[in-house]
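Trainee: I would like the entire structure built from these sequences, with the hints used as guidance.
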Amino acid sequence: MTSRRQRHPGPLLAAAYAALVLLCLATLWHAGDLTLGRAPWANLARTLAELSQPSFLDAWWGPQRLEYRSDDGTLLRVEDRRVVEQAFLWALARAAWTTLQIATLGSLLAALLALPLALLAARNLGAPRPLALAARAVLGGARAVHTLVFGLLLVGIVGLGPVAGILAIALHSMGSYGKLHAEAIEALDMAAVDAVRATGAGPLQVFFHAVWPAVLPQWVGSHLYVWEFNIRDSTVLGLIGAGGLGLLISEATSLFQWGRLATLLLAVVALVAAFDALSRRVRQTLA
Amino acid sequence: MSPPQAHPDALAVQASGLRCAAGGLWVLDLPALQVPAGEHLVVVGPNGAGKSTLLRCLSGFVQPAQGQLSVLGRPLAPRPLPRAALRALRCEVGQVLQGLHLVQRLSVLENTLVGALGRLRGADAWRSWWRHYPAHEQAAAWQALQAVGMAAHAQARVDRLSGGERQKVAMARLLLQRPRLVLADEPTASLDPAAAHAACALLRQAAAGATLVTIVHDPALVPLLGSRVLGLQKGRLVLDQPASTLHPSTLADLYRGEADGGPAPALPGTQPGTQSHLHPNLYPHRHPHPHPHP
Chain A
1 MTSRRQRHPG
11 PLLAAAYAAL
21 VLLCLATLWH
31 AGDLTLGRAP
41 WANLARTLAE
51 LSQPSFLDAW
61 WGPQRLEYRS
71 DDGTLLRVED
81 RRVVEQAFLW
91 ALARAAWTTL
101 QIATLGSLLA
111 ALLALPLALL
121 AARNLGAPRP
131 LALAARAVLG
141 GARAVHTLVF
151 GLLLVGIVGL
161 GPVAGILAIA
171 LHSMGSYGKL
181 HAEAIEALDM
191 AAVDAVRATG
201 AGPLQVFFHA
211 VWPAVLPQWV
221 GSHLYVWEFN
231 IRDSTVLGLI
241 GAGGLGLLIS
251 EATSLFQWGR
261 LATLLLAVVA
271 LVAAFDALSR
281 RVRQTLA
Chain B
1 MSPPQAHPDA
11 LAVQASGLRC
21 AAGGLWVLDL
31 PALQVPAGEH
41 LVVVGPNGAG
51 KSTLLRCLSG
61 FVQPAQGQLS
71 VLGRPLAPRP
81 LPRAALRALR
91 CEVGQVLQGL
101 HLVQRLSVLE
111 NTLVGALGRL
121 RGADAWRSWW
131 RHYPAHEQAA
141 AWQALQAVGM
151 AAHAQARVDR
161 LSGGERQKVA
171 MARLLLQRPR
181 LVLADEPTAS
191 LDPAAAHAAC
201 ALLRQAAAGA
211 TLVTIVHDPA
221 LVPLLGSRVL
231 GLQKGRLVLD
241 QPASTLHPST
251 LADLYRGEAD
261 GGPAPALPGT
271 QPGTQSHLHP
281 NLYPHRHPHP
291 HPHP
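Residue numbers (this note's numbering), protein chains in the order written: chain A, 1 to 287; chain B, 1 to 294.
None of these hints come from the bench; they were simulated from the model. Quick caveat, the model's predicted, so the values are computed rather than measured. We put the beta carbon where it would ideally sit given N, CA and C, even for glycine. Please note: incorrect hints may appear among the correct ones.
Simulated DEER-style distance windows between Cβ atoms [stated by the list, open to error]:
#1 ASP192(B) with ALA18(A): 55 to 65 Å
#2 SER16(B) with GLY140(A): 17 to 27 Å
#3 ALA15(A) with ARG157(B): 46 to 56 Å
#4 ALA18(A) with ARG160(B): 50 to 60 Å
#5 THR245(B) with PRO128(A): 45 to 55 Å
#6 PRO248(B) with ASN124(A): 41 to 51 Å
#7 THR253(A) with ALA123(B): 56 to 66 Å
Mentor: If you want it as structure tokens, here you go:
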């Protein structure tokens, strides 16, 4: 049956989506992978119980002595749990600082790299077409590859450490920034830009007098947004050896030290929440 | 040169066979137009008559599809001006557009100084990127702001101003630019009558000694703004006469032609030799190329 009438595509799209979801579920079930394991509820309860005792609280309110005994019960060594925990908290603070360093420098580098690309990619500034297409391709590619993947590549190139993290953040975020910057430019009042152009101003004068002041608040807003995002991202970068909190997280999980993991997660949440509050205040003052 | 033809250098605008196309229609079709330097010209006509297109042609923002056009002695059509020459031309052409188009987040003074950007050279040009301007341009900007009565608000941000105040800032920008040709597209739009009259006075002041082309709809403002009136309708020139001889009914007829939508009715009082010179052809003017058109 061929109907030339234009149909609303909504029901068709919904049906296609439902079919895809069912296909995913059916294939997983068929392969026997649609399972929550042997004792999910018991495991959940145990994990939650361990996570609910963050190591720093346990060290202060729990037993202070940490005894190491051999199999026959001889006392080998005694440690003060508070001293051990204090050393861990210092390590955590240093790692949090590294995370902040990676996120901050990576975000700034990304913003600077994205700026010229966004100017080329914005559809209303009339950049030469091949350059515009190239810029959009670079930005799209950068967005498509995850920070972790860039991190794995860069650890192989520049070695372990925060520089790999900074470059990984910069390369991935460049794509996000480029898109956000270009959208800010595309939303600006072209009539004002033309009015400045109409006075005979050169391209850079037009940029600094009409484009820059108009897009600056949005750029600062998106910078804070991506920066905040990168603080979260860089907590994971340590997992692949790029430094920061992730290193401690991977240590804690591989040693099943759920109390320490709880402490680390609290630190991550505090860091992100503090930055979130700060960036909201800054955005409000700039509007 | 023989007397009927003015010397080319004395013409601010010279156009012949000028045509602009959009959407399969000629939005502007001017067989001939000459504007002597120093003349103040008013352009009237209903919406969509091609008035703004004409102004955008004159400032080099629209490239005509056909015909010859030269503005202030520079040829804009049939071949487009090279970029550097276009910028040089725009330095000499001041524009006040519908909606004024100030840069919202800059101050009144900074918006005024935009008028000086085009003539800054060398180190002054790149210093202007950081909004540092030569002292004499800053002094001139203050003078311009005083002339329009906005000096007290020089440091205020433009997006905090009223419509009338923005108008004055646009005029100050124009005063600082000191153009040889001023193009004003409905500079009194959205102003109350008193502010509109004040804006016209400022515009005349900014265009003193220069050529002025203004688009307005209010018949009361026509004599304030120019000595010659051009009437456009559906892209064609239907009226070209001294402002002193313009009869209000002629303007009313010009605007009514559009309101009917279909072919414009014959206009009364259009016999040759009478005071108005309406051209008889008022029909919609199709693009001659066979574009498919629903």
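Trainee: Does each hint hold? Answer for all of them.
Mentor: These are the hints, each one checked on the structure:
At roughly 60 Å, the beta-carbon separation of ASP192(B) and ALA18(A) lies within the given 55 to 65 Å, and the hint holds. Judged by the Cβ atoms, the range 17 to 27 Å given for SER16(B) and GLY140(A) is violated: they are separated by roughly 49 Å. A beta carbon spacing of about 53 Å between ALA15(A) and ARG157(B) agrees with the range 46 to 56 Å that was offered as a hint. Checked against the given bound of 50 to 60 Å, the beta carbons of ALA18(A) and ARG160(B), roughly 53 Å apart, stay inside it.
At roughly 51 Å, the beta carbons of THR245(B) and PRO128(A) sit within the given window of 45 to 55 Å. For the pair PRO248(B) and ASN124(A), the beta carbons lie near 42 Å from each other, so the given range of 41 to 51 Å is met. For the pair THR253(A) and ALA123(B), the supplied restraint of 56 to 66 Å holds, since their beta-carbon distance comes to about 59 Å.
Checked against the numbered hints given earlier, this structure breaks only hint 2.
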